[in-house]
Each structure stands twice: as structure tokens, then as C-alpha cells.
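In order, the protein sequence lines correspond to chains L and Z.
Just so it is clear: in the first sequence, position 281 is 281 by my numbering, and no numbers are missing.
Remember, my numbering sits 1000 above the position in the second sequence when you count from 1.
If you are wondering where the hints come from, they were derived from the structure by calculation, not from laboratory data.
Take these hints with a grain of salt, some might be off.
[Stated by the list, open to error] Below, simulated DSBU-like cross-link-like pairs (lysine-lysine); rule was C-alpha separation at most 35 Å, straight line: (1) L:Lys132 to Z:Lys1072; (2) Z:Lys1188 to Z:Lys1072; (3) L:Lys100 to Z:Lys1265; (4) L:Lys139 to Z:Lys1265; (5) Z:Lys1188 to L:Lys139; (6) L:Lys100 to Z:Lys1072.
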Amino acid sequence: MPTGAKGVAIRCSGLRKRFVSRSSTVDAVDGLDLEVRSGECFGLLGPNGAGKTTTIEILEGLLPPTSGEVEVLGGRWDAHADDLRQRIGISLQETRFAEKLSVRETLDLFRSFYRSGLPPEEALALVSLQEKSGAWVGKLSGGQRQRLAVACALVGDPELLFLDEPTTGLDPQSRRSLWEVLRALRARGRTILLTTHYMDEAERLCDRVAVVDHGRVIALGSPGELVARLGGEHVIEFALEAGADGLREEDYRGLPGVSGARIDLEGVALTVTEPHVTLPALLERLGRERLALARLATRHVSLEDVFVDLTGRHLRDDTASTAA
Amino acid sequence: MSRTGPFRTLLLSRLREFYREPEAIFWVYGFPVLLAIGLGIAFRERPPEEVRVDVVVAAAAPDAGATAAALKALEGDRRFRARSCAGEECAQRLRLGRTDIVVVARAGGVEFRFDPTRPESILARARAEDALQRAAGRIDPVAVAERQVEEPGSRYIDFLIPGLLGMNLMGGGLWGIGFVIVDMRVRKLLKRLVATPMRRSDFLLAMMGSRILFMLPEVALLLLAGSLLFQVRVQGSLLAVLAVSLLGAVSFAGLGLLVACRAQKIETVSGLMNVVMLPMWLLSGIFFSSERFPAILQPVIQALPLTMLNDALRAVILEGAGLASQSLRIAGLVLWGAASFVLALRWFRWS
Chain L
1 MPTGAKGVAI
11 RCSGLRKRFV
21 SRSSTVDAVD
31 GLDLEVRSGE
41 CFGLLGPNGA
51 GKTTTIEILE
61 GLLPPTSGEV
71 EVLGGRWDAH
81 ADDLRQRIGI
91 SLQETRFAEK
101 LSVRETLDLF
111 RSFYRSGLPP
121 EEALALVSLQ
131 EKSGAWVGKL
141 SGGQRQRLAV
151 ACALVGDPEL
161 LFLDEPTTGL
171 DPQSRRSLWE
181 VLRALRARGR
191 TILLTTHYMD
201 EAERLCDRVA
211 VVDHGRVIAL
221 GSPGELVARL
231 GGEHVIEFAL
241 EAGADGLREE
251 DYRGLPGVSG
261 ARIDLEGVAL
271 TVTEPHVTLP
281 ALLERLGRER
291 LALARLATRH
301 VSLEDVFVDL
311 TGRHLRDDTA
321 STAA
Chain Z
1001 MSRTGPFRTL
1011 LLSRLREFYR
1021 EPEAIFWVYG
1031 FPVLLAIGLG
1041 IAFRERPPEE
1051 VRVDVVVAAA
1061 APDAGATAAA
1071 LKALEGDRRF
1081 RARSCAGEEC
1091 AQRLRLGRTD
1101 IVVVARAGGV
1111 EFRFDPTRPE
1121 SILARARAED
1131 ALQRAAGRID
1141 PVAVAERQVE
1151 EPGSRYIDFL
1161 IPGLLGMNLM
1171 GGGLWGIGFV
1181 IVDMRVRKLL
1191 KRLVATPMRR
1201 SDFLLAMMGS
1211 RILFMLPEVA
1221 LLLLAGSLLF
1231 QVRVQGSLLA
1241 VLAVSLLGAV
1251 SFAGLGLLVA
1261 CRAQKIETVS
1271 GLMNVVMLPM
1281 WLLSGIFFSS
1291 ERFPAILQPV
1301 IQALPLTMLN
1311 DALRAVILEG
1321 AGLASQSLRI
1331 AGLVLWGAAS
1341 FVLALRWFRW
1351 S
């Protein structure tokens, strides 16, 4: 059984994947380097189309890379596939299990593929789906299906878990209950690699996050570190009355306590260290220029701000910034 | 906790999915039997038809005795359904086609009234005259003996049952393998399965195993329905029928796998299956003999797997042939199946 460098679950370097079709050539993954440590929950964060799924499917051994090196649990897919399959668990972005099989039967099926693993009832208990054990998969809600998908990934008692957008499309309560499942797994020492385009998910679950855009890692670190790079912990968001021209970004940056300023369609966002210092100065300056406020709010900095700062785009929608 | 092997759980899953789908059960098991019953009834051998004869009893009969004699002669013959009525009523019944012929007694003989453009009336005239002349004492110079042939084995239903069996084996292989696999691919279930340590051979063998298990009731039901409802007898050994059916099922499962090996959409595989099946529905002798097609087409028709299967099934079921006499067809089916399998595995797309 191959064992890798101590403490490293996944390592890849120079990863590239090029999709060639008649009409276009797309570099979905474009020189991506990554190292996931054993026992951590690692998040690939990026907007739709950033190359997250392509990356995770290459790491899962489901897609061959165009070039680059991949090492998973110290093994390589071309040499140790059988062994690796026994040691990892996977939840794809979307799998529709057989509708006419019960939850328990589906888990029994997946359990039978592994040499060792959890009793199916235990895997069900991990995702709090015991009471649905006898129900047909076709009768489950979206959140329950997603938890079943995670249970199927867990039933082989994997050392390493891959989850591709595990909570996309779920209601807030289902998302929260799935987060609990994942937190409990990490507490048991399992390594988790997940992709998400939800900021809050990455912030709450992940020890470290790689922000991915256009097939590359553009920032890497713990959510706290990434946020700290913005130079402030708070954001002041405001908009001026319609028709007002306002100030330039440089003018805002000149205000006391402001470490960053951005103007876009929705208004102005200032990254600040101390709101109680910046706010009076801002109001005083706007008053002097005879600019009236339409709204103003302060909040904590999030990974969303990090992403916008790095790319000039929001994560969810791909609206380009209007900032010059 | 019970640990079962992946082949068994895969097979079990497939069986459960199948029997929990009432529609699938109907199309696989119910429909062919209904088709056999419907066609068997539509094309059944009819009993010899009665001839309907009206005899006119005139109020002032010139010869009441002759009428009575005529009626008696016809009534005594079970080929006739005779009734007597008044002249006007008889004419009306003839016009409306309720009787085939009207016999009017005349002095010294009878008069036949009928429409010569109606075949049944011409038949009625010949039969009625024959019966009357004999009743009156005619002696035929040539002795005629009759033997009516209506043996099981030569009827349409006998021809049909093996054809339906073959058609069902083809449909089952293509739908039961081809459609199911593409459906699993669309659902990304195939991809999810290969993301586990599952051996791909276990999966394919389980699919094949499920086909063989589904095939057994298919064959049994059709043969049973044929036997109970239409007295279709299996002349050859049941084991030989089973062996040929098994080979057909496996061979068409291979074809199903080939059809499904790359299709990414249900629409694609449905189209492909129709392209594969339609020529065989038409040409391979399900409902009528493939020999009706021109000689120039015969080499192609004889090379189709369903033609081989249908011909082998008919030989075993209707003629009581042994497997050895069918070795060429059996070899052909093996070749079709093996070639499909090899190509399907080479081109197969799991995701």
C-alpha cells in the first residue's frame, strides 16, 4: 500500500485539462497546484465554470489530466487505482440513484464494493437518515438524497472524502444539517476535499481554502488569512442618492482607517479596520460634498470580498465590476 | 451484518428495480402473451360455415308435399340452417343478406333464388341442390371419401408463438440492457459506480445475469399460453428450446450493450434501438415467413440474428429438431453476440 509524504493527502502540480471540441478549445484547468494535508477540510472555492469540478474529478481519478502530476494518499491513479478506490469516498455533483431501491438497499450495494467499511446502518446514522432506511430513494427530498450520497461516500470508511458541491440546491436547514455531518467527520480525523461556490460554507467548514478562477488557484490560505489580506475586518457598504456622481476610489482610500475601496453597480464598499473611526470621517466628507446617502450598512469581511478583491467579479453572478 | 458479494448485490438491485416497475413487467411479460392471444384469435381456423336457406311455404302451394320434403332434406343436414317463411318475407331477407338462398317449391321441382355475385350464395346453391338431389334418391357414380386436416403444428398460431418468442428475446436484450445502461449513464450512476472499487466485469456480468433471469419467465409464459389456449405443442425437447432461448437472450444482450456503449441521451439510444430492431421486425419472420421476401434479399435476411433465432426456435418447437441440426444458426448467434460484446467493451463509456 503506497504511503505518501507524511501528512499530505493530495498533491498535484502543473495540472492542466484541455477540452477540445469542434467549435472551441477550453482550458478548464490551467496550471493548478494544490496540497491538501491529512485531516484537514480543504475547500476549492470559485464561481461556476472556474474548473472546480474538472479539478476534483481529475483528483478522483475519473478524468485523465492533459498534463501535470497527481498524487493521492501517496499513490498514483495509473499505478494504484484499485487500492486508492478502496481508500477514498466520492460524492459527485449530481448522482441520481435508482429510484425504486430503498435507502438501505442502495447503501448495501455500495458497501458490497469495499473490502472493509462501515455497517450500512452506521453510515445512515452518520447522516441522520436512519428513519428513512426503508424508504425508496424516489421518495426522498433533495436534502435527504444529498445526505444519502454522502452516506454512500462514507460506507467504505474512507481516509479521504471528495465532495463536489455537496449542498448546492439545498434549503438552508438541509445545508446546516449536512455541515454538521461534515464537521463530525473532520473531528474523526478524515480528510475532506470539497468544492463550493458558497462563501459561508467555505468559511464555516474549511480549514484552508483555495480560491479558483479560470482554472488556477489565485489565493490560498485559511479563511481568516484570506480575509486578513484585505487589510480590514469590516466592510462599510453604502449607496448615494440616484444621480449623485460621488467621489473617486482614491478619495475614499484617503479616509482614515480605510484599507480598500471599490465602486460597482450596487454602490461603494470600503474595507476598514475601525468603523468607528472611518464612519464619522466618511459622513463628514460626504456632507461637505453635498452628497446624500440612499443606504449605509456595516458588516464583517467575508470570502466574497476576497474573491471580489482578487477578480473584480462577484462569486455568484459574473457581473463585471464597473470600477475603472 | 451480512456481507454479500458485489455481483450478487448488483444482480439483486437490478431484479428489484425491475419487479418494482409494473410497466416493465407488463411490457416484458404481459404484452407478448396478449399479442399471441389477439393474433391467435384473429387468425384462428374457423369451423365450416353453415349455409342459411329459406324455404318458401306458399299459401296455395301447388305441391305441399314437395316443400315438406325439401325442408326436411335441408333440416336433416347439419351443413344447413333452414327456416321456412312466407314469400314476401323471404325476398326481404335475401335482399338484406340475412339468408344466402331462397328455395321455392314448384310443381315437379324447386326454384332457387339467389344473388350470383355473392360467393356464399353460389356455395349455398350448389350445396342445396346437392342435398335435395341426394334426398330425392340421386346415386353418385364416384365414391368420394373426405379427410379434413386441422392439426396443431400447421396453424398460424403455431408459426406465431416461436416468432413472438424471438421478438421478445430481441426486445428484452435491447431494452433490458441498452436502455437501462444509457439511463444509468444519464443519471451519472455509472460514473458513481466506477468511482467505487466495483469491478466492471461484476457489473456487466450482473446485467447479463439479470437478462437471463428475466428471460426464463418470458419463455415459460409464452409457451404456456400457447399450450393452454391454443394447444401449441413443443415437438422438440424443452431443454433445447431453453438452450436456444438462452443463446438468443445473451446474443441480443450483447447487441444491447453495443447500442448503449456510447449513447449519452435516452433519445439517442431509442433511435439506435429502432434502427437495429425495425429491419428485424419486418424481415426476420416474426408474423409471416421471411421466405416471402425476394431471393436477392435472402442472404441479408438469413444473416440477421433474429432470423437465425426464429428459424432455430421454429425448428426445435415445431419440427422437433435437435440442437445439432441447428449448429449453423447457433454458431451465427454466438458470432453476433461475441462480436457485439467485444466491440461494446472496447468503446464503452462509463461517464
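Going through the hints against the structure:
Simply put, Lys132 of chain L and Lys1072 of chain Z have alpha-carbon atoms about 82 Å apart, too far for the 35 Å limit, and the pair is violated. The straight-line distance between the Cα atoms of Lys1188 of chain Z and Lys1072 of chain Z is roughly 81 Å, outside the 35 Å bound, and the hint therefore fails. The suggested pairing of Lys100 of chain L with Lys1265 of chain Z holds, with an alpha-carbon distance near 21 Å, which does not exceed 35 Å. Of the pairs offered as hints, the one joining Lys139 of chain L and Lys1265 of chain Z holds, with about 24 Å between alpha carbons and a cut-off of 35 Å not exceeded.
The hinted pair formed by Lys1188 of chain Z and Lys139 of chain L meets the criterion: a straight-line CA distance of about 19 Å does not exceed 35 Å. Between the alpha carbons of Lys100 of chain L and Lys1072 of chain Z the distance comes to roughly 71 Å, so the proposed pair goes past 35 Å and is violated.
Of the numbered hints stated above, those contradicted by the structure are hints 1, 2 and 6, listed in ascending order.
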